[in-house]
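Participant: Sequence:
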Amino acid sequence: VASTNGKPPPYGRRDVSESESLPSTSSAVTSPALSREAQERWGSAVGNMHDLGLVVANITKTLEEAVYMDPEPYAAQTKIQKQAQVIKAREDRITALEAELGLTCK
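In this text, residue positions in the sequence shown follow the numbering used here: the first is 68, and each later residue adds one.
Hints listed in this document are in silico derivations from the structure and should not be mistaken for laboratory results.
Fair warning: there could be bad hints in the mix.
With beta-carbon atoms standing in for the labels, derived distance ranges [what the hints assert, rightly or not]:
(1) ARG157 to SER111: 56 to 62 Å
(2) GLN144 to ALA166: 30 to 36 Å
(3) GLU104 to THR145: 54 to 60 Å
All values derive from a computational prediction rather than experimental measurement.
Positions of the beta carbon are idealized from the N, C-alpha and C atoms, including for glycine.
Build the full structure now, drawing on both the sequences and the hints.
Facilitator: Below, the structure written as structure tokens:
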């Protein structure tokens with residue numbers, strides 16, 4: 068992010084030149100200072116991070132494609148659902164009371 072007014076960019080962001088960038092993971096994994104076991108573990112860790120990145124990208128894509136629910140229809144449907152639950156509970160209670168009294172329903 069380049070600054071246009073001479074001030075540093077917000078939140079400490081700045082352009083990073085290629086010489087300042089972090090070393091590539093492949094050179095860090097194949098460094099001669101690491102044992103073979105360490106290289107394998109780092110290689111697996113880098114692979115896991117790559118897989119994690121793919122999963123996050125897929126989740127992000129799925130969320131972007133998700134159905135958007137308008138608040139008004141949702142609120143109306145919620146009221147209808149609540150009323151249906153209340154009616155069902157009352158019917159169950161009536162059935163239980165009729166059973167206690169020995170009456171038959173319908």
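Participant: If a hint holds in the structure, say so; if it doesn't, say that too.
Facilitator: Going down the list of hints, with the structure as the test:
1. ARG157 to SER111: 56 to 62 Å: 59 Å, holds
2. GLN144 to ALA166: 30 to 36 Å: 33 Å, holds
3. GLU104 to THR145: 54 to 60 Å: 57 Å, holds
Going down the numbered hints, you'll see the structure goes against none, and every one checks out.
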